[in-house]
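> So you can see what is in the structure, the chains are spelled out below.
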Amino acid sequence: MRPGSGIVPAVKDLLYRMADDALILGHRHSEWTGLGPVLEEDIAFSSIAQDKIGHAYALYQLLHELGEPEPDRIAFFRDAPQFRCCHLVEYPNGGYDFSLMRHFLYDVAEQCRYHLLESSRYEPLAQLARKVRGEIKYHVFHATQWVLHLGARGTEESHQRMQQALEQVFPLALGIFEPTEYDDLLAAASIFPGERPLQDRWLETIVPLIEQATLRLPALEAVVPAYGGRCGIHTEYLQPLLDEMGEVIRSEPEAEW
Amino acid sequence: MYGNLSLVEPLNGVEQENPEKLAEFEERISRGEKIEPTDWMPREYRRQVLRLVEQHAHSEIIGALPEGTWITRAPGFKRKLALMAKVQDEVGHAQLLYSAAETLGKPREFMINDLLSGKAKYSNVFNYPALTWADTAIIAWLVDAGAIINQTLNSKGSYGPYTRALERICKEEAFHLKYGYDNVVTLASGTKRQRQMLQEALNRWWKPIMHFFGPPDAVSVHSEKLMRWKVKMASNDEMRQMFLDAYVPRIWELGLNIPDPNLRKDPETGKWEYSDPDWDEFWRVINGNGPCNRERLAVRRMADELGAWVRRALLKPERQYVAPLF
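First to last, the sequence lines map onto chains S and G.
According to the numbering used here, the first sequence holds residues 1 to 257 in order.
According to the numbering used here, the second sequence holds residues 1001 to 1326 in order.
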């Protein structure tokens, strides 16, 4: 990829979308620390959160190499309109049902996305994709085991909660795949095949798992995907989250912390 | 993080134990042997060790709360990732310790219930709020430093499962201490506002840290037998002296003021002298009336209620937990 070529803004947009998703979801997962339904889940969510924030850092580092500011600057000093995350990651944690279903639908999408990126022509991203594969495998494993258990092997109550959570989260999760103006360009340059093929792959993966969990996936045509995040239009939850995240570092922006 | 078995309960019924078995048990301990879960032990030993390990476990999960609230505000990737890992470690310690306590016959669920009902105690230090980012730095450095002193001593104690858990915990705590110190040094060498924030945090935390090791030996009774049984490894005052000896010079070295005009080391006795850190307040807090007691338990109760459906879904009705020793 030649610097200054027309593809750079497209790559940056892709990196921002991925990094912002990982940062905000990692931040949300970290809010479970000390509050999980069992100690082991506190620890698991915290561990996954650390991985996600680590992924965000690595992606911001790639952006920095493409001329964007330092990772701390990008992550802690932008306001909501400059963020490119999807609405799914912005929502407050709610109960464990919502958080778990979000974790499941998001991580399967992440796994599919990074898998496609392993053969990206943008080599730094392909390298990162190969590096994070092992971590994401565990995230998907964790989420899948819990969804299967609470859906199919738990109680009537846990089944109902998982079904409600699925109905609530599914339209939000479709927002991950919001088409962007750069999709064709990225596909033509063999950097990333695009959001539509990713969504198809994601659906192929989740449908049998959701069946196994004895849950019903809402019909695709019956739901409105939560689009907007990729163009900087966000839910009411993002700005307060960013205010909180930047509270200390913004109080003395030039200081070392 | 945990202070000490700061309030020693009177020992009951030791004289009713079989004298031969008791003598044999005490000999094993004096030879430095570890007591394992299936070994014979006096009832009172079981009760006191269980109480100690359980209090320690509770302290770890409650201790995750004051620092945990700063994960979402940590300034920058480095601090955010480090604080997340540190607080996760503390929750991990709780998991290890509940497992160690369970070997004495009390299921984790019963222990959690006793915490939520207010029956079980946890370290007083967590009933104080972490008001600024600098408070988290002071906690990670000095409260963890105190915990390491206490836990390193306890890891030489007599109850096998607890000492093994502590060896692992101490390794992680040593890392927390480094993290806390790095954080404190950054603030101490930072801007005027950062230095002021740090000084104010130290002012707030000094008293709770002095309380951390428990009331003075002069008013702590009944601990002689527990020392012989290697349940309690050093007196409260001894540990406080060890802490002051190691950390006061380092605090001064950073240009911070310790808010006690009477703090000095007596050159003749080699002991630190200090003002009365308001033991009345200590008793108020331990009896449930500190600045955050209600909030801490309310948060845990809320988490417990919200997660109850998940735990119900994990239960297998055909399998009953059997606690043979209770």
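Hints are computed from structural coordinates only; laboratory data are not their basis.
The C-beta atom is built at its ideal place from N, Cα and C for all residues, glycine as well.
Any given hint might turn out to be false.
Claimed, not checked - Each pair of labels, with its calculated beta carbon distance range: (1) G/Leu1306 x S/Gln239: 50 to 60 Å; (2) S/Gly95 x G/Glu1295: 38 to 48 Å; (3) G/Arg1294 x S/Asp184: 32 to 42 Å; (4) G/Arg1284 x S/Glu244: 49 to 59 Å; (5) G/Glu1295 x S/Asp243: 39 to 49 Å.
To be verified - Taking lysine-lysine pairs in the PhoX-like style, the calculated list, with each CA pair at most 25 Å apart, reads: (6) G/Lys1121 x S/Lys12; (7) G/Lys1121 x G/Lys1192; (8) G/Lys1225 x G/Lys1034; (9) G/Lys1178 x G/Lys1106; (10) G/Lys1156 x G/Lys1034; (11) S/Lys131 x G/Lys1121.
> Could you run down the list of hints and mark each one as holding or not?
Cross-check of the supplied hints:
{"no.": "1", "hint": "G/Leu1306 x S/Gln239: 50 to 60 Å", "in the structure": "violated (26 Å)"}
{"no.": "2", "hint": "S/Gly95 x G/Glu1295: 38 to 48 Å", "in the structure": "violated (21 Å)"}
{"no.": "3", "hint": "G/Arg1294 x S/Asp184: 32 to 42 Å", "in the structure": "violated (58 Å)"}
{"no.": "4", "hint": "G/Arg1284 x S/Glu244: 49 to 59 Å", "in the structure": "violated (32 Å)"}
{"no.": "5", "hint": "G/Glu1295 x S/Asp243: 39 to 49 Å", "in the structure": "violated (23 Å)"}
{"no.": "6", "hint": "G/Lys1121 x S/Lys12", "in the structure": "violated (53 Å)"}
{"no.": "7", "hint": "G/Lys1121 x G/Lys1192", "in the structure": "violated (39 Å)"}
{"no.": "8", "hint": "G/Lys1225 x G/Lys1034", "in the structure": "holds (17 Å)"}
{"no.": "9", "hint": "G/Lys1178 x G/Lys1106", "in the structure": "violated (35 Å)"}
{"no.": "10", "hint": "G/Lys1156 x G/Lys1034", "in the structure": "holds (9 Å)"}
{"no.": "11", "hint": "S/Lys131 x G/Lys1121", "in the structure": "violated (45 Å)"}
Violated hints for the displayed structure, listed by number in ascending order: 1, 2, 3, 4, 5, 6, 7, 9 and 11.
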